[in-house]
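In case you want the letters, here they are:
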Amino acid sequence: KAGVTQTPRYLIKTRGQQVTLSCSPISGHRSVSWYQQTPGQGLQFLFEYFSETQRNKGNFPGRFSGRQFSNSRSEMNVSTLELGDSALYLCASSYGNNEQFFGPGTRLTVL
Amino acid sequence: EDQVTQSPEALRLQEGESSSLNCSYTVSGLRGLFWYRQDPGKGPEFLFTLYSAGEEKEKERLKATLTKKESFLHITAPKPEDSATYLCAVPNDYKLSFGAGTTVTVRA
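Residue numbers (the working numbering), protein chains in the order written: chain A, 9 to 119; chain B, 477 to 584.
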């Protein structure tokens with residue numbers, strides 16, 4: 009079974025731009041979660057989607073948003089990028105039993 | 477608010493030198509505790525799920541155990557390829573709360 013895939017793997021943007029990251033979950037998984045990982049804050053929860061509905065959202069500003077499509081694929085968007093948004097963005101999928109399987113991540117650098 | 481605390485922050489071991497990592501948690505109504513391994517620049521790799529006190533899981537040189545307040549990850553006779561950051565996490569409200577991790581370095 010193919011694992012979680014994320015595209016792109018690397019991104020370089022400048023302050024003020026916006027970015028869209030994509031995630032394809034493991035086949036059959038309907039829950040997709042997003043996390044931000046930085047050296048200072050560790051892994052921080054962004055949001056979780058199940059059947060196109062956001063069920064939980066972390067403590068991030070409104071510049072961070074996401075959505076899920078009917079095929080369970082998910083995207084997250086960050087608008088008006090700031091230097092502090094530089095991080096590894098991780099997507100995880102789950103069948104529904106809380107066990108989450110992570111993708112390789114997208115490394116975002118904001119200059 | 478769920479809290480997950482891992483210790484030590486870093487662990488340097490000689491090949492073959494067994495040790496243990498600790499993960500303590502405060503959560504109302506534990507619905508499982510997860511261990512992950514993360515290599516630099518990669519996503520966390522799922523290792524174990526523990527659901528109830530007294531439960532143990534093993535995989536190669538790793539063994540995870542769970543009590544009512546903490547979990548241990550025992551590394552027996554580690555090899556250099558066991559070098560990684562080990563993360564524990566607890567689920568609640570469709571999200572995982574992670575500890576800061578323990579970075580293990582195994583020298584040959």
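These are calculated hints, taken from the structure and not from any lab test. One should not assume that every hint holds.
[What the hints assert, rightly or not] In silico BS3-like links for lysine-lysine, alpha-carbon gap of 30 Å or less:
1. B/Lys535 / A/Lys65
2. B/Lys518 / B/Lys533
3. A/Lys21 / B/Lys544
4. B/Lys533 / B/Lys544
5. A/Lys9 / B/Lys545
Results for each hint:
For the hint pairing B/Lys535 with A/Lys65, the CA-to-CA distance comes to about 33 Å; that exceeds 30 Å, so the pair is violated. Distance check on the hinted pair: B/Lys518 and B/Lys533 sit about 24 Å apart at the alpha-carbon level, within 30 Å; holds. For the hint pairing A/Lys21 with B/Lys544, the CA-to-CA distance comes to about 45 Å; that exceeds 30 Å, so the pair is violated. This hinted pair checks out: B/Lys533 and B/Lys544 have alpha carbons roughly 16 Å apart, not beyond 30 Å.
For the given pair, A/Lys9 sits about 35 Å from B/Lys545 by alpha-carbon distance, which is inconsistent with the 30 Å threshold.
Violated hints for the displayed structure, listed by number in ascending order: 1, 3 and 5.
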